[in-house]
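Trainee: Generate the whole structure from the sequences, applying the supplied hints.
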Amino acid sequence: MSELNLKKKTGKLESLTDMPTHYCAGCEHGTLTRLIASAMDELGIRERAVMIDSVGCSVLAYNYLNCDHIVAAHGRAPAVAGGLKRVRPDLMIFTVQGDGDAVAIGLAELIYAAKRSTPITVFLVNNGIYGMTGGQMAPTTLEGQVTTTTPYGRDPALTGTELDASKLLAGIDGAAYVRRASLVVTELASQRGTVYTIKNLLDAKKWVENAFKVQALGGFAFVELLSTCSVNWKMSVLEAKRFVQEHTIKKFPLGLYKDTFGVEKK
Amino acid sequence: MSAPRVYLKGNEALAYGALEAGLNAYFAYPITPSSEAPETLAKEFGNKKYPEFKIFLQSASELEAIYMVLGAAAGGVRVMTATSSPGFSLKQEGLSYAAGMELPFLVADICRAGPGLGNLGPEQSDYFQSTKGGGHGSYRLIVLAPDSVQEMVLFPRIAFDLAFKYRNPVLILGDAFIGQLKEDVEFPEFTPPEYDISSWAITGAKGREPHILNSLELDYQKHYQHISRIYEKYKQVEANEVRFEDYLTEDAETVIVAFGISARIAKGVVNRLRGKGLKVGLFRPITLWPFPRDALRKLASQGKRFLVVELNTGQMVEDVILSVGKGVTVDFLGKWGGVVPTEGEIENKVRGLEVVAV
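Taken in order, these protein sequences are the chains called U and Z.
Every letter in the first sequence is one number past the one before it in the numbering used here, and letter 56, counting from 1, is 56.
Every letter in the second sequence is one number past the one before it in the numbering used here, and letter 297, counting from 1, is 297.
Any given hint could be a false lead.
[As the list claims (entries may be wrong)] In silico lysine-lysine, DSSO-like type, Cα no more than 27 Å apart, as pairs:
(1) 279(Z) <-> 233(Z)
(2) 234(U) <-> 258(U)
(3) 43(Z) <-> 12(U)
(4) 206(Z) <-> 206(U)
(5) 7(U) <-> 205(U)
(6) 279(Z) <-> 349(Z)
(7) 258(U) <-> 199(U)
(8) 115(U) <-> 43(Z)
(9) 206(Z) <-> 165(Z)
(10) 234(U) <-> 199(U)
(11) 205(U) <-> 266(U)
(12) 9(Z) <-> 48(Z)
(13) 115(U) <-> 54(Z)
(14) 206(Z) <-> 9(U)
(15) 206(U) <-> 8(U)
(16) 206(Z) <-> 8(U)
(17) 165(Z) <-> 233(Z)
(18) 250(U) <-> 206(U)
(19) 326(Z) <-> 235(Z)
(20) 54(Z) <-> 9(Z)
(21) 205(U) <-> 206(Z)
(22) 206(Z) <-> 7(U)
(23) 9(U) <-> 205(U)
(24) 167(U) <-> 258(U)
Worth flagging that the hints you see were computed from the coordinates, not collected in a lab.
Mentor: As structure tokens, this is what we get:
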């Protein structure tokens with residue numbers, strides 16, 4: 001285990017292929033792919049990086065990130081990552097999971113990976129819905145939110161309330177870094193029409209880098225990233241981004257939930 | 001000089017056999033009657049005699065165990081897990097993914113009675129989900145069926161060889177009897193071979209193109225090609241890797257077909273009936289897939305009759321019927337629920353052979 005040092009890079013990223021992504025307009029998956037590629041380049045880890053592609057909209061990431069990949073079954077990415085990490089401890093292993101993948105079908109694997117302090121990095125894209133299967137309710141779907149399996153709005157009396165993965169993992173002593181960020185640009189009031197700030201993305205870039213630094217120090221790192229799914233939310237891209245600011249963020253507040261190694265202080 | 005003999009349980013022998021075969025990693029989940037395998041390995045972990053045995057971890061579920069095995073296999077090491085029937089059912093998903101991704105590793109299923117929780121006694125009722133590709137999709141496991149504690153020692157060597165040669169999961173299918181049976185065994189000298197993993201293993205894309213281990217292909221034509229290539233590989237396995245034991249079949253009028261513990265009992269019956277002047281032999285498939293179809297067909301062409309003995313309500317008998325062709329007498333004796341046939345029961349059946357399929 002050794003500390004990773006950042007070297008700023010500009011221009012084309014070596015960790016990114018030339019393949020255009022399949023993501024829908026306004027989707028933040030592409031943003032996260034870019035942030036990960038940038039972190040891989042700047043931390044100099046591309047040649048030992050392995051992505052465990054999980055089932056959901058991130059499953060085709062092997063087309064975009066220029067590193068080794070294993071495509072896991074639904075929910076099992078942390079287990080696959082844990083198996084590989086133990087036999088190849090020098091690899092930098094990460095996964096991008098959706099909320100259905102990580103918080104519903106794969107919750108046990110996620111919790112136990114954290115509980116054992118498995119040195120891996122998990123990025124959770126929380127867009128409150130099953131995106132790839134066409135917009136069904138996820139554990140993170142907001143109360144009252146309409147999905148194809150909650151056509152009259154999510155009823156907590158029937159399905160329970162939203163499951164907060166960051167809060168849950170912060171309570172697991174093996175997790176070294178738990179951070180909730182947002183990949184959604186924020187609207188600012190302006191005289192000249194609508195203006196957006198990318199502060200969230202600049203912050204998220206740092207947390208993504210931290211998540212790799214924590215792994216290099218031997219810790220389990222988890223970064224949850226609030227995102228939109230305008231297509232399945234049946235909203236315009238801009239409405240969806242506004243929805244996150246007005247609703248999602250209130251239920252899932254951004255913040256640092258745990259930082260055992262103090263990487264955010266450095 | 002012969003190797004020293006040791007008195008071991010089947011499950012312990014499996015563990016030591018795997019260690020002697022160069023086991024690097026084991027991911028465990030306890031289930032009776034297979035748990036002595038992980039317990040033995042946990043005890044031996046750190047023993048300087050096995051410097052290559054670097055990872056032992058108890059997982060939180062059968063699912064987590066098989067996916068940890070899958071992840072470690074992607075790293076190109078020798079990895080295994082053992083389970084028993086209810087756990088083996090849970091592992092089917094992972095085995096399907098691993099076959100689609102062409103990953104080499106070893107799984108042992110110490111079969112117990114089912115369905116559901118069943119009980120802890122021996123059955124051979126996992127034959128179907130072992131040999132037909134128990135998960136989704138067109139795939140096979142290479143299946144080895146030991147009939148003794150000695151074979152529990154030796155089969156991990158064969159299993160890892162086949163797994164790496166064909167890049168496919170290999171299953172050792174035992175049963176509660178073979179797993180719990182205690183016999184004295186020997187460990188012949190063995191040096192685990194090196195396998196070339198450079199073209200596929202996940203080691204980091206340094207100085208090479210990325211390796212992508214994947215069972216997903218959204219383009220139908222490309223997926224057709226992928227499965228076709230795996231299918232061709234399976235034809236090679238069928239052509240080259242069939243194993244069976246032929247015991248006194250040459251002049252036999254009746255051939256008992258059985259594997260695992262059933263074959264062990266049947267062998268006793270053959271010896272007993274030979275002593276009484278009856279021409280009876282035993283045909284024991286060692287690879288349940290690839291199934292020794294041609295060898296059975298050859299015996300059938302010599303006019304022999306067959307009695308299939310299994311610890312289930314009739315599974316391998318279907319493959320025997322398919323193998324011998326039309327017009328051949330095939331009878332079946334099954335016991336289930338943990339009950340094992342006595343030699344007397346098998347003897348009576350041989351004497352009064354009935355036709356269940358012609």
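Trainee: Look at each hint and say if it fits the structure.
Mentor: Hint by hint, here is what the structure shows:
Of the supplied pair hints, the one linking residue 279(Z) and residue 233(Z) is violated, its CA atoms being roughly 39 Å apart against a limit of 27 Å. Proximity of residue 234(U) to residue 258(U) is assessed by CA-CA distance (about 34 Å); at most 27 Å being required, the pair is judged violated. Restraint check for residue 43(Z) and residue 12(U): the C-alpha separation of about 52 Å exceeds 27 Å, so the hint is violated. Distance restraint check for residue 206(Z) and residue 206(U): the Cα-Cα separation of roughly 25 Å lies within the 27 Å cut-off, and the hinted pair is therefore satisfied.
Only pairs whose Cα atoms come within 27 Å are accepted, and residue 7(U) paired with residue 205(U) is accepted, the gap being roughly 14 Å. A C-alpha spacing of about 14 Å is found between residue 279(Z) and residue 349(Z), which places the hinted pair at or below 27 Å, so the restraint holds. Distance hint between residue 258(U) and residue 199(U) is fulfilled; the C-alpha atoms sit about 21 Å from each other, no more than 27 Å. For the given pair, residue 115(U) sits about 23 Å from residue 43(Z) by alpha-carbon distance, which is consistent with the 27 Å threshold.
Between the alpha carbons of residue 206(Z) and residue 165(Z) the distance comes to roughly 25 Å, so the proposed pair stays at or under 27 Å and holds. For the hint pairing residue 234(U) with residue 199(U), the CA-to-CA distance comes to about 26 Å; that is within 27 Å, so the pair holds. Among the hinted pairs, residue 205(U) with residue 266(U) is consistent with the structure: their alpha-carbon atoms are about 15 Å apart, no more than 27 Å. Proximity of residue 9(Z) to residue 48(Z) is assessed by CA-CA distance (about 23 Å); at most 27 Å being required, the pair is judged to hold.
Taking the CA atoms of residue 115(U) and residue 54(Z), the gap is near 21 Å; set against the 27 Å cutoff, the hint holds. Distance restraint check for residue 206(Z) and residue 9(U): the Cα-Cα separation of roughly 19 Å lies within the 27 Å cut-off, and the hinted pair is therefore satisfied. With a C-alpha separation of about 12 Å, the suggested pair residue 206(U) and residue 8(U) falls inside the 27 Å cut-off, and the hint holds. For the suggested pair residue 206(Z) and residue 8(U), the alpha carbons sit about 21 Å apart, so the restraint of at most 27 Å is met.
Taking the CA atoms of residue 165(Z) and residue 233(Z), the gap is about 10 Å. The hint holds against a cut of 27 Å. For the hint pairing residue 250(U) with residue 206(U), the CA-to-CA distance comes to about 22 Å; that is within 27 Å, so the pair holds. Distance check on the hinted pair: residue 326(Z) and residue 235(Z) sit about 24 Å apart at the alpha-carbon level, within 27 Å; holds. Simply put, residue 54(Z) and residue 9(Z) have alpha-carbon atoms about 24 Å apart, close enough for the 27 Å limit, and the pair holds.
With a C-alpha separation of about 25 Å, the suggested pair residue 205(U) and residue 206(Z) falls inside the 27 Å cut-off, and the hint holds. The straight-line distance between the Cα atoms of residue 206(Z) and residue 7(U) is roughly 19 Å, inside the 27 Å bound, and the hint therefore holds. Using a Cα cut-off of 27 Å, the hinted pair residue 9(U) and residue 205(U) holds, with the two alpha carbons roughly 13 Å apart. For the suggested pair residue 167(U) and residue 258(U), the alpha carbons sit about 9 Å apart, so the restraint of at most 27 Å is met.
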